[in-house]
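Could you put the whole structure together from the sequences, leaning on the hints where they help?
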Amino acid sequence: MTTTTKPAAPVTGAPARRLGAGALALRQGRLELTQFLRSRESVVFTMGFPIIMILIFAAIFSDEIAPGVSYTQYFITGMIATGLMTVSFQNLGIWIPIERDRGVLKRYRGTPMPKWVWFAGKVLMVVAIGIAETVLLLAVSVALFDLELPATAAKWATFGWVAVLGVTACTLCGIAISSLARTARSGSAVVTPVALVLQFISGVFFVFTSLPTWMQQVAALFPLKWMCQGLRSVFLPDSFGAQEPGGSFELGRVALVLALWCVIGLALCLTTFRWTTKRDG
Amino acid sequence: MEDELAISVRGLRKAYGDNVAVAGVDLDVHRGEVFALLGPNGAGKTTTVEILEGYRRRDAGEVSVLGSDPGSPAADWRSRVGIVLQGTGEFDELTVGEVVRHFSGFYPDADDPDKVIERVGLGAKAKARTHTLSGGQKRRLDVALGIIGRPELLFLDEPTTGFDPEARREFWELIRDLAAAGTTIVLTTHYLDEAESLADRVGVIAAGRVVEVAPPDRLGDRQAALATVSWRTPDGTPESAQSATPTALVAELAARYGGEVPGLTVTRPTLEDVYLRMIGH
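Chains as they are written, first to last, in the working numbering: chain B, 150 to 430; chain F, 8 to 288.
It should be emphasised that the hints constitute simulated quantities derived from the structure, not laboratory data.
Some hints could be false.
Claimed, not checked - Okay, derived cross-link-like pairs now, EDC-like style, lysine to aspartate or glutamate, Cα gap no bigger than 20 Å in a straight line:
| hint | chain 1 | residue 1 | chain 2 | residue 2 |
| --- | --- | --- | --- | --- |
| 1 | F | 145 | F | 116 |
| 2 | F | 134 | F | 97 |
| 3 | F | 132 | F | 99 |
| 4 | B | 304 | B | 212 |
| 5 | B | 264 | F | 76 |
| 6 | B | 264 | F | 180 |
In structure tokens:
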């Protein structure tokens, strides 16, 4: 240790070189992303899971769901939606309790960092991984299974807003559900069953309309079903809309339900979020 | 500003359910002072300090820290206060340099990250991932993050737990440096030698109350207590006497033995003796 010291208070009236809001958010996002990319398990799990699933599904259902439309074309929608839910809802619901338990959040609270910066960092991380993971999934599916990408700008636009609204809702819900876990270990126990059940009832692993009606109705209460439905409108021919439970892809309702979940998630975050563990009072 | 109080506490109370953790604490800490809070586990030290740091809400009492109420502090308050908590979280995937640099971005007048890393004795570990650090090294990182913003007031909650003796001495040097540069320091510790060596004043807290506040050499009327003079008789038998005038006794012994008194020691109650008596042992 050296003995050089600086006065505790600034000697001159030099203007404070505090970083701007945008810079704070960006460097927080970069830090979160660095941490994520360096933890090999989460990278493999998050990036690899949807790809492994589509490989399995393509191997099982190698025929066509309708003339000229492969099963892969149908199931890719569920895999994209699942992937987006994994990077946002599961990723945050599992990691935030760990960070809270370790005291990482408490440490941030002891700094002058504005609270929103921390949330912005998480959102930027989720968006970056979500994009990377979706691109990878699409590339693999195009290369191996002749997936047909959306042909029109309108379909790409729908893809965009469904993904953004879906990820936003899932991110907020992931942050909200993180407060249910009492310890670092319990995050995964709280989140995984919720995610798994939603995947089964929302048409990720099965053709949605082949599920029992009551199951479809339960699924319709949650975002994943609507994310899948919105993505089906992007990846399937327009004629498939008639087979949806509502007789069309119901994009207006997709937007409404996802937006509603954004509001619910945000309200839960604002009312229940904790920077410290329960035993910390 | 010179004689202003850094911390002023009157009638602070905090209960968790039926368990009264802090039962009416009064405390003043002057600017530039090193103040040590001593007390057994569960005495209310950490609760008191965490209220001062703005982490916990109080049930009653007046609290002013650097002129702000930590429950609703002024905008720049957090950038003037440095906090080293008991056992806070690490950023396992990041290097020491990355973490310190990142936190420096939160403060308007941050110190140079490389200099701070050097100063806490982690220069050789700047590129190491934090999960590879030893317990003592992690604690040094905590300290680095506590002082990176060049705080006017630094809280240290049991900072040297897990340090080897050499590391503790180095750490004490660092604290003396900071104090010499004008930083006010509030320290909780279990180590009485640490309090004695560093603190201008010591507050003893027991069962949620401050029992006494005094410079370490005057605590519990230490300097007025009877001294114990011990020596050996010519046939080797240990002999000792309590005396209010030990100098006179030593002079008399010197005369009796015609020079050197074999095995002569003069002791007063140690801080530990006084402390244990105060907390009721």
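Hint-by-hint comparison with the structure:
Proximity of residue 145 of chain F to residue 116 of chain F is assessed by CA-CA distance (about 24 Å); at most 20 Å being required, the pair is judged violated. Pair hint residue 134 of chain F plus residue 97 of chain F holds up; C-alpha atoms about 15 Å apart against a cutoff of 20 Å. At most 20 Å may separate the alpha-carbon atoms for a hinted pair to count; residue 132 of chain F and residue 99 of chain F meet this at roughly 14 Å. Under the criterion of a C-alpha separation no larger than 20 Å, the hint pairing residue 304 of chain B with residue 212 of chain B is inconsistent with the structure, at around 25 Å.
Under the criterion of a C-alpha separation no larger than 20 Å, the hint pairing residue 264 of chain B with residue 76 of chain F is consistent with the structure, at around 19 Å. Distance check on the hinted pair: residue 264 of chain B and residue 180 of chain F sit about 34 Å apart at the alpha-carbon level, beyond 20 Å; violated.
Going through the hint list in order, the structure does not satisfy hints 1, 4 and 6.
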